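Please model the entire structure based on the sequences and the hints provided.
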Amino acid sequence: MTGFFMAFAKWLEHTRWAVAISTSDWAFPFVQWTHFSGLSLWLGTNLAVDFRLLGIGRKRQSIGELSSALIIWNWIGFAIALSGGFMLFASSATHYIPNPAFDLKVGILIPLALILHIVIQANARAWTASPNPPAIARLAGLLELLLWLSVVTAAVSIPNFETH
Amino acid sequence: MLLHLCEWLEHLPWVVAISSSVVLSAIVEVAHYAGFFLLVGSIAILDLRVLGLAARRETPASMASQLFPWMCTGLVSAFLSGFLMFAGDASDFARAKWFGIKMLVILGALVAGITVQWNVSRSDGAASPSAWIKTVAFLSLALWIGAILTAVEVPAISGVG
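Top line first, the protein sequences correspond to chains A and B. Sequential numbering from 1 applies to the first sequence in the working numbering. Sequential numbering from 1 applies to the second sequence in the working numbering.
Don't read these hints as lab results, they were simulated from the structure. Treat the hints with caution; some may be incorrect.
[What the hints assert, rightly or not] Now the stretches of chain A that chain B is said to cover, found in silico as 3 or more residues with beta-carbon under 8 angstroms:
1) 32-38
2) 67-77
[Stated by the list, open to error] Cβ-Cβ distance ranges computed for the label pairs, FRET-style:
3) K10/A with W132/B: 52 to 60 angstroms
4) A27/A with W14/B: 19 to 27 angstroms
5) R138/A with F79/B: 26 to 34 angstroms
[Unchecked claim] Facing chain A, from chain B, some residues (calculated, C-beta under 10 angstroms):
6) V22
7) L38
8) I43
9) E58
10) F138
11) W144
12) P155
All of these numbers come straight from a predicted model, not from anything done at the bench. Here a beta-carbon is modelled for each residue, glycine too, at the ideal position from N, C-alpha and C.
Here it is as structure tokens:
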């Protein structure tokens, strides 16, 4: 399995556009900028809903209303972050694949956080029945918050596990 | 004088302790990124609402009220952690042109963001934002996107951070 991923990584790294990103002085920061801009929109909107689920923040809107109001830009942010992240990965794929922090981030934490995020979005309206979120909603909000913070932690830890 | 101050700052025992600890450095970095994402994400949503591009079922005043605590939380987290990150390599950051540009862009973005927040939160809930405040909202969005760009340029060009 690892052999398959490394072979894919090697092929990806040598595509023309991946080589252009990794060898260009301006392309790499531009790709990072894309990734971080998307993350700002994606995580910013996620965290606002998660805090509301935990009962923190002004309750003028229900959780469902807040989530619905932000849903389109939430997923636009995800799409931008994903495209920037893929380009970052492609430029040094063979270095990322064996990196345990990267594997944890992309292989476990992000899928778990995404699944939970979809569950929260699907149930946000059902949780608006009472002014205070039910216990399951608070737990979901706390878990998603911790998962996305773990994703960021894994991301900043990637350089600490780099092999050259 | 600034460089002397920076050298003094980066040699303070608590600054050395944080910057030489892998765990503490990671915590500070996570706080900085998370704070920045929360700040920029919530400001961006408000700016998009003012421009009529997001959350149109909510009034701008309502969105401003909802998002304000997150903007403040993100700002405090990003600022405090940012200061700690700066302190560890203060003299290198002080010499890096792109770091100075980043700070100026962030200052401009904050002024624009505060202007939007101030005006929208005091506006009549039913009225559409004025053309002037829509311009400032657009400028705020552009400056925050610019702040992200300058932030990634700091390590890319100067090698600091």
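Evaluated hints:
1. Restraint check on the region 32-38 of chain A versus chain B: 4 residues with Cβ-Cβ distances below 8 angstroms, three needed, restraint holds.
2. Requiring three or more residues with a Cβ within less than 8 angstroms of a Cβ of chain B, the coverage given for the region 67-77 of chain A holds, as 6 such residues are present.
3. Between K10/A and W132/B, the C-beta spacing of about 54 angstroms keeps the proposed range 52 to 60 angstroms intact.
4. For A27/A paired with W14/B, a C-beta distance near 39 angstroms fails the hint of 19 to 27 angstroms.
5. Taken as a hint, the range 26 to 34 angstroms holds for the pair R138/A and F79/B, whose Cβ atoms sit roughly 28 angstroms apart.
6. Taking 10 angstroms as the C-beta cut-off, the interface hint given for V22/B holds, the closest approach to chain A being about 6 angstroms.
7. Interface restraint check for L38/B: the shortest CB-CB distance to chain A comes to about 5 angstroms, inside 10 angstroms, so the restraint holds.
8. Annotation: I43/B was flagged as interfacial toward chain A, and the flag holds, the nearest CB pair being 8 angstroms apart, inside 10 angstroms.
9. Taken as an interface hint, E58/B checks out: its beta carbon lies about 5 angstroms from the nearest beta carbon of chain A, inside 10 angstroms.
10. For F138/B, the interface hint is violated, since its Cβ never comes within 10 angstroms of a Cβ in chain A; the closest pair sits about 16 angstroms apart.
11. Residue-level restraint check for W144/B holds (minimum Cβ-Cβ distance to chain A is 8 angstroms; threshold 10 angstroms).
12. Annotation: P155/B was flagged as interfacial toward chain A, and the flag holds, the nearest CB pair being 9 angstroms apart, inside 10 angstroms.
Taken one by one, the earlier hints fail for this structure at numbers 4, 10, listed in ascending order.
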